[in-house]
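Chain E is fixed; fit chains R and L onto it per the hints.
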Amino acid sequence: MSLFRKREAAAQLEGEGNLPKAAACFATPARTRRAADWLGELGGCKPLGILSDDCSDVVWQCVAEKADLLLLETDFSTGTEDTKDVSARCDVAVEVRRQRPECRVYLVCAAGHPEKLPALDKAVELKLIHGYFIGDLTAWQMRAWIAETSEAMGRQERRQRDLRKGEQP
Amino acid sequence: MAQTKRTAAYRCVTEPGGERIFRFYCDISGELRCVTRPVRAETEEEALTIAWETEGKLAFDRCRKCGRYVSSAMFNINAGQCMDCAPWEDEYPTFCHRCGVKLKEPDASFCSNCGARLQVGGTERKEGAEK
Amino acid sequence: MTEYDLRTKKALRRVALLEYGFGPETLQGRKICPACGRANRAHDTRCADCGAALPETTLYDFYRSRHRCCPGCGVAVTDVAVYCPECGTRLPQTRGEKREAAV
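Protein chains in written order, with the numbering used here: chain E, 1 to 169; chain R, 1001 to 1131; chain L, 2001 to 2103.
Bound conformation, chain E alone (with noise of 0.2 Å):
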């Protein structure tokens, strides 16, 4: 069994059935899996790790484990090979959400580049990312993402629900 599906069955165990799936990918695998340590400490949420950077494993991944919540990281500095800039994680954002709808794709931002400013409200204004973060992501604001998520998952199930009730005979 994977080292993921381990932790989803003790957190159903623990009553966590109901919290929502946060993935975190950042810009290396160790600051994924400290992101993921970090989400698990903070509560509220089931965390995971992704830690291939590749858009098709990302995608693969937030799709397989049914993921509510994805944070992605972008890295705006120049040499790279690939691209983690605003674009390059808007277009990740818009592959996850054609396969899983449901889940909130937020971005996190090294402080220092105001000229993405632009191009981060933009996305959010285009609705190809629900919200982002400048700066070292504080426990406040990741809540209110959960929070977010929470209220969507649960808007979602109320949906589903009441479809349910009008196809009863």
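Think of the hints as simulated: they come from the structure by calculation, not from any bench.
You may find that some hints are simply not true.
To be verified - Below, a list of computed lysine to aspartate or glutamate pairs in the DMTMM-like style, where the Cα atoms sit at most 20 Å apart:
#1 R:1065 / L:2003
#2 R:1005 / R:1046
#3 L:2010 / R:1107
#4 L:2010 / E:75
#5 R:1102 / L:2086
#6 L:2010 / E:37
#7 E:127 / L:2003
#8 R:1102 / L:2005
#9 L:2010 / R:1091
#10 L:2009 / L:2086
#11 E:66 / E:102
#12 E:127 / L:2025
#13 R:1057 / E:115
#14 R:1005 / R:1055
#15 E:66 / E:151
#16 L:2010 / R:1055
#17 R:1057 / R:1044
#18 R:1104 / L:2005
#19 E:66 / E:53
#20 L:2009 / R:1107
#21 E:127 / E:102
#22 L:2010 / R:1042
#23 E:127 / E:162
#24 R:1104 / R:1090
#25 L:2009 / E:151
#26 L:2009 / E:125
#27 L:2009 / L:2025
#28 R:1102 / R:1091
#29 R:1104 / L:2086
#30 R:1057 / R:1046
#31 R:1065 / R:1105
#32 E:127 / E:95
#33 L:2009 / R:1046
The model shown is predicted, which means the values in this text are computed figures rather than measured ones.
Structure of chains R and L alone, referenced to chain E:
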């Protein structure tokens, strides 16, 4: 044909120690795009060359038509020309610019009605010869 | 590569252009300080560098003033356009005025 323009518009400030700092500006909008580190050289010309080659030119795009150095905002990246030579064209137009017909496929390259190339990219009169 | 619907393609392209400082939306969000040349945000009234008063017009207004514009929707059009590609309005004849750079 592109004019031979060596650098973008600039101002030079000479420090008390004799080093020179260059400020490079967009040739169209006047936007300050680069303030170089102090450069030490025998003459201003030499200092300008060093400053431009090592720092200045990285902050500009060059119009392949008029040769001016412009900021990214004043550069039409689709046409490879400045926004003076090639005003921005919507990449997904709604109407054909030549016959005025509403386009069924906004991401098409040519108008299905008159055959006009939808992105003229500053080709001016040449565009008329496309049909 | 997934073939996205037009709305998604346009949205992704707009974000990419803004991120790298190209396109009309970049111009709309920028003002140039007349004193020091620094780029400021469109809603700023004072230059963040030198404190000089900023003009009310943006870089986009400056760009539009240098081109023929559609009388219907106001977008700048190419010299060869007969109809506006945005709203379909028939355009007036090309003007042959010389443009001076701001520098």
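Hints, verified against the model:
1. Of the pairs offered as hints, the one joining residue 1065 (chain R) and residue 2003 (chain L) is violated, with about 34 Å between alpha carbons and a cut-off of 20 Å exceeded.
2. A threshold of 20 Å between alpha carbons decides the hint, and for residue 1005 (chain R) with residue 1046 (chain R) the separation of about 16 Å falls inside it, so the pair holds.
3. Among the hinted pairs, residue 2010 (chain L) with residue 1107 (chain R) is consistent with the structure: their alpha-carbon atoms are about 10 Å apart, no more than 20 Å.
4. Proposed proximity of residue 2010 (chain L) and residue 75 (chain E) is contradicted: the alpha carbons are some 23 Å apart, above 20 Å.
5. At roughly 10 Å between alpha-carbon atoms, residue 1102 (chain R) and residue 2086 (chain L) fall within 20 Å of each other, so this suggested pair holds.
6. Of the pairs offered as hints, the one joining residue 2010 (chain L) and residue 37 (chain E) is violated, with about 37 Å between alpha carbons and a cut-off of 20 Å exceeded.
7. Taking the CA atoms of residue 127 (chain E) and residue 2003 (chain L), the gap is near 18 Å; set against the 20 Å cutoff, the hint holds.
8. Annotation: proposed proximity of residue 1102 (chain R) to residue 2005 (chain L) holds, straight-line Cα distance about 19 Å (limit 20 Å).
9. Note on residue 2010 (chain L) and residue 1091 (chain R): the hinted pairing holds, with a Cα-Cα distance of about 8 Å set against a maximum of 20 Å.
10. Pair hint residue 2009 (chain L) plus residue 2086 (chain L) holds up; C-alpha atoms about 17 Å apart against a cutoff of 20 Å.
11. Distance restraint check for residue 66 (chain E) and residue 102 (chain E): the Cα-Cα separation of roughly 9 Å lies within the 20 Å cut-off, and the hinted pair is therefore satisfied.
12. About 17 Å separates the Cα atoms of residue 127 (chain E) and residue 2025 (chain L), which keeps this hinted pair within 20 Å; it holds.
13. Taking the CA atoms of residue 1057 (chain R) and residue 115 (chain E), the gap is near 19 Å; set against the 20 Å cutoff, the hint holds.
14. The straight-line distance between the Cα atoms of residue 1005 (chain R) and residue 1055 (chain R) is roughly 17 Å, inside the 20 Å bound, and the hint therefore holds.
15. At roughly 17 Å between alpha-carbon atoms, residue 66 (chain E) and residue 151 (chain E) fall within 20 Å of each other, so this suggested pair holds.
16. At roughly 33 Å between alpha-carbon atoms, residue 2010 (chain L) and residue 1055 (chain R) are farther apart than 20 Å, so this suggested pair is violated.
17. At most 20 Å may separate the alpha-carbon atoms for a hinted pair to count; residue 1057 (chain R) and residue 1044 (chain R) meet this at roughly 17 Å.
18. Proposed proximity of residue 1104 (chain R) and residue 2005 (chain L) is supported: the alpha carbons are some 14 Å apart, at most 20 Å.
19. Among the hinted pairs, residue 66 (chain E) with residue 53 (chain E) is consistent with the structure: their alpha-carbon atoms are about 18 Å apart, no more than 20 Å.
20. Taking the CA atoms of residue 2009 (chain L) and residue 1107 (chain R), the gap is about 10 Å. The hint holds against a cut of 20 Å.
21. Distance hint between residue 127 (chain E) and residue 102 (chain E) is fulfilled; the C-alpha atoms sit about 13 Å from each other, no more than 20 Å.
22. Simply put, residue 2010 (chain L) and residue 1042 (chain R) have alpha-carbon atoms about 51 Å apart, too far for the 20 Å limit, and the pair is violated.
23. Between the alpha carbons of residue 127 (chain E) and residue 162 (chain E) the distance comes to roughly 26 Å, so the proposed pair goes past 20 Å and is violated.
24. Restraint check: the Cα-Cα separation between residue 1104 (chain R) and residue 1090 (chain R) comes to about 15 Å, which is no more than 20 Å; the hinted pair holds.
25. Of the supplied pair hints, the one linking residue 2009 (chain L) and residue 151 (chain E) is violated, its CA atoms being roughly 29 Å apart against a limit of 20 Å.
26. For the given pair, residue 2009 (chain L) sits about 15 Å from residue 125 (chain E) by alpha-carbon distance, which is consistent with the 20 Å threshold.
27. Of the supplied pair hints, the one linking residue 2009 (chain L) and residue 2025 (chain L) holds, its CA atoms being roughly 16 Å apart against a limit of 20 Å.
28. Distance check on the hinted pair: residue 1102 (chain R) and residue 1091 (chain R) sit about 15 Å apart at the alpha-carbon level, within 20 Å; holds.
29. With a CA separation close to 14 Å, the supplied pair residue 1104 (chain R) and residue 2086 (chain L) stays within the 20 Å bound.
30. Of the pairs offered as hints, the one joining residue 1057 (chain R) and residue 1046 (chain R) holds, with about 15 Å between alpha carbons and a cut-off of 20 Å not exceeded.
31. For a cut-off of 20 Å, the pair hint linking residue 1065 (chain R) to residue 1105 (chain R) is broken: about 30 Å separates their Cα positions.
32. With a CA separation close to 13 Å, the supplied pair residue 127 (chain E) and residue 95 (chain E) stays within the 20 Å bound.
33. With a C-alpha separation of about 47 Å, the suggested pair residue 2009 (chain L) and residue 1046 (chain R) falls outside the 20 Å cut-off, and the hint is violated.
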